[in-house]
Amino acid sequence: MNAHSYTYGDKLPQEWGLRERVRGPGSHILACDRYPVRRLMAYDAEGNLDEASPHNILPLRFVAGLEQNQQLASCCRHPENHDIEAWFSSERDADLGIPDIYILHCTCGRRHVRFCVGGGVRPFWECR
Amino acid sequence: MAIYNKYQYFVSALSDKLIDVLGATDVYKAIIHSDATALTVGTVNISACSQIPSANGYPGTNTISYTCANATGTVTFVPTADITWTASGGSLGGVTNGQYFTVYDDTAATDIPMVRFDYGSTFTVAPGETMTLDFDTTLFSLV
Numbered sequence: 001m002n003a004h005s006y007t008y009g010d011k012l013p014q015e016w017g018l019r020e021r022v023r024g025p026g027s028h029i030l031a032c033d034r035y036p037v038r039r040l041m042a043y044d045a046e047g048n049l050d051e052a053s054p055h056n057i058l059p060l061r062f063v064a065g066l067e068q069n070q071q072l073a074s075c076c077r078h079p080e081n082h083d084i085e086a087w088f089s090s091e092r093d094a095d096l097g098i099p100d101i102y103i104l105h106c107t108c109g110r111r112h113v114r115f116c117v118g119g120g121v122r123p124f125w126e127c128r
Numbered sequence: 129m130a131i132y133n134k135y136q137y138f139v140s141a142l143s144d145k146l147i148d149v150l151g152a153t154d155v156y157k158a159i160i161h162s163d164a165t166a167l168t169v170g171t172v173n174i175s176a177c178s179q180i181p182s183a184n185g186y187p188g189t190n191t192i193s194y195t196c197a198n199a200t201g202t203v204t205f206v207p208t209a210d211i212t213w214t215a216s217g218g219s220l221g222g223v224t225n226g227q228y229f230t231v232y233d234d235t236a237a238t239d240i241p242m243v244r245f246d247y248g249s250t251f252t253v254a255p256g257e258t259m260t261l262d263f264d265t266t267l268f269s270l271v
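Protein chains in written order, with my numbering: chain A, 1 to 128; chain B, 129 to 271.
Hints were generated in silico from the structure; no laboratory data involved. Don't take each hint at face value.
[As the list claims (entries may be wrong)] So the derived list for chain A, only partly shown, Cβ under 7 Å to chain B, looks like this:
#1 V22
#2 S27
#3 R38
#4 A42
#5 Q71
#6 S89
#7 S90
#8 G97
#9 G109
#10 H112
#11 R114
#12 F115
#13 C116
#14 V117
Even glycine gets a Cβ: it sits at the ideal position worked out from N, Cα and C.
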């Protein structure tokens with residue numbers, strides 16, 4: 001698995017552009033395959049996150065927002081047990097190579113969606 | 129980033145001093161709606177958007193906390209927190225056809241829509257699930 005974060009405007013590696021496009025609902029195009037959050041963040045065996053680790057591929061707010069949401073079921077508040085996948089909302093976003101939809105899948109089957117409309121870091125990973 | 133669709137009225141409203149971006153006094157809000165409201169209408173009110181009903185964790189409007197700065201002739205609008213909707217008691221808004229997000233100025237008398245984002249498909253937020261409008265850094269700049 002290769003993973004990295006990049007800032008809006010950065011070029012993606014050439015191989016991303018060569019990938020066959022997998023289409024989802026509406027105009028969605030798959031950016032990054034579903035992958036365990038635990039392997040994209042620096043969690044220890046007990047599920048504690050090293051927030052300062054340079055190995056955190058996802059922005060901390062991706063997991064903190066779920067951990068702190070008192071309205072969610074207990075399992076949903078443990079993103080270290082979730083999977084995550086990334087999508088492009090449109091063909092144009094796919095051409096730019098910048099994902100803007102991140103979906104965290106809880107073990108209970110519920111989904112937690114982030115729709116990114118500003119700038120900032122957009123994590124990207126590849127499963128081989 | 130998600131495609132930034134500017135309402136044309138936003139620009140004329142700025143010029144007409146109906147929106148005060150830099151003053152930090154205007155209140156900006158976000159809504160979810162189901163239709164692609166026309167961007168080109170000369171004068172448009174947020175009520176032109178088919179907003180999803182206020183139900184099941186969707187309060188109707190959501191205030192955006194923000195900062196605004198002016199540096200070397202560029203004004204930047206920076207939301208300081210994301211907006212998260214958590215569905216409870218049913219799907220968010222009781223609907224399955226949310227698709228668009230619009231940010232608007234709630235201070236102006238006519239509630240002026242500023243920018244619209246298309247999720248790219250209709251979505252349903254089931255009970256116990258969340259939808260987050262992630263602003264992260266600058267939402268827009270005025271140059």
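Hint-by-hint comparison with the structure:
1. V22: Where the cut-off is 7 Å and the nearest Cβ of chain B is about 14 Å from V22(A), the hint is violated.
2. S27: 4 Å, holds
3. R38: 20 Å, violated
4. A42: For A42(A), the interface hint is violated, since the closest Cβ of chain B sits about 21 Å away, which is over 7 Å.
5. Q71: 4 Å, holds
6. S89: Status holds, d = 4 Å.
7. S90: 5 Å, holds
8. G97: Constraint on G97(A) not satisfied, violated at 12 Å.
9. G109: It is violated, given that the least Cβ distance between G109(A) and chain B is near 9 Å, above 7 Å.
10. H112: Constraint on H112(A) satisfied, holds at 5 Å.
11. R114: 5 Å, holds
12. F115: Status holds, d = 6 Å.
13. C116: Status holds, d = 4 Å.
14. V117: 5 Å, holds
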